[in-house]
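Protein chains: 2
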Amino acid sequence: MNTSMRDCLTDVKPWLMAGGQSIRSRLLVGIEQYADPELVRAVLEAADADLFIITYDLQNTRSSLLLSDIDQAFDIDKYVLAGTTSFAVSADMAVKTARQLRDRFGINLIKLDVRDAANMPDTAATVDAAIELARDGFVLLPFIPPDRQTARRLEDLGCAAIRLMASPVGSYLGISDPDAMLRCIEQLTVPVIIEGGIGSPAHVAHAMELGATAVLVNTLIARAADPAGMATALRYAVLAGDLGVRSR
Amino acid sequence: MNTSMRDCLTDVKPWLMAGGQSIRSRLLVGIEQYADPELVRAVLEAADADLFIITYDLQNTRSSLLLSDIDQAFDIDKYVLAGTTSFAVSADMAVKTARQLRDRFGINLIKLDVRDAANMPDTAATVDAAIELARDGFVLLPFIPPDRQTARRLEDLGCAAIRLMASPVGSYLGISDPDAMLRCIEQLTVPVIIEGGIGSPAHVAHAMELGATAVLVNTLIARAADPAGMATALRYAVLAGDLGVRSR
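Protein sequences appear in the order of chains B and R. In terms of our numbering, the first sequence is numbered consecutively and its last residue is 247. In terms of our numbering, the second sequence is numbered consecutively and its last residue is 247.
These are computed hints drawn from the structure, not numbers from a lab. Glycine included, each C-beta is placed from N, C-alpha and C at the ideal position. Each hint can be trusted.
Residues of chain B clear of chain R, computed beta-carbon distances all greater than 12 Å:
(1) 131
(2) 185
(3) 187
Example chain R residues on the side facing chain B (calculated, C-beta under 8 Å, incomplete):
(4) 225
(5) 228
(6) 242
Could you build all of it, start to finish, from the sequences and the hints given here?
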């Protein structure tokens, strides 16, 4: 390995500060779909993740690893804890989930999702929840389609970063409207995380080339034959896209 | 950097043997567009290249670094030498160029190109040149559009690998017809190199995901603000696509 490659792997500055903690990794990995804590550990290490995203299912209807399952398997102290509201189907559920995550685990950084019946982002409900949670002092990462008005609104509400949907969750379609994504990214000053429908390393590199600060991947890794191998591949793809932008 | 990432960077087996020498790197870099030997050295090191592609311009009408310019700048002994006929506009010119490269430099491995007036591959002339050069015992890497019949024909002629055009040279359009590319790759048993119109790391990862064994990039690196940085980015992209395929 030559010197510039090693430098590129190690000299990565934080792109987000949240409650005195810094997020440096540009590959974010969801862990809602895992049943095995040991696999979660392997995937997070392969991704070089520094964010550990936990959830709290108000309804307890779906299986998901919770913090209590994980902390026996490996040392989570080296991760920044974030909470997700990915099971929420209303603004009210999202707000309640975030407050539970703060009360139980001291979590202040929220991956804010409100999904509609088709598992797509419920934009209006997401904005409503963001208004409420911003007032409570949460650091918010809301998930919406690449819509300029909504993105700007959420930025104005003080959200720390905006998560823009590439294509429907689990679709593997990649960035279905690169022009809309680009327009959205260009008008924002906060970091953008591209997420949803990422189906290959090429999609991850594409996201970075469009100006994403980070990419969040869930299903592609969780359902891979070798999840840790896929996480490593996506980490290369993040580096490839990022360095390509800086070199072009 | 975790262990699996380091393993992936170093444990790469050769994908082509030519005259007792092995080609291991899956990122091939053309150097026809460079005027500075020192920049060539930096780019080839960043790409982790093991193939050094030189040309011989029969007409001497275009500037190009020749072996004589290069061997003062750095040690080319660690590279496998290949010759290119990229200036050829007829089968006859390609054959003559290849023979000159063998006579002058002992080169037996030929990146076979015959271009038409629009700088697109002249398929019929390429096949004619391949027939002639295969008879002479050259190891051939011909360049054609992703056409199944022609690719099969060239494989039957004994070509060592087939270079399939992603999109017109210098266009930055990436793989304009992924389905045609996939059909072509699936029916071949020899390695496929995807080349032409590669415009970003995402395109390189995409090529690997479609089943390419290697990717050849020229203009994107040569015209980058930081050619060595771009070469490093593309190397990551190759690794990302390749590992993604093996992990999915």
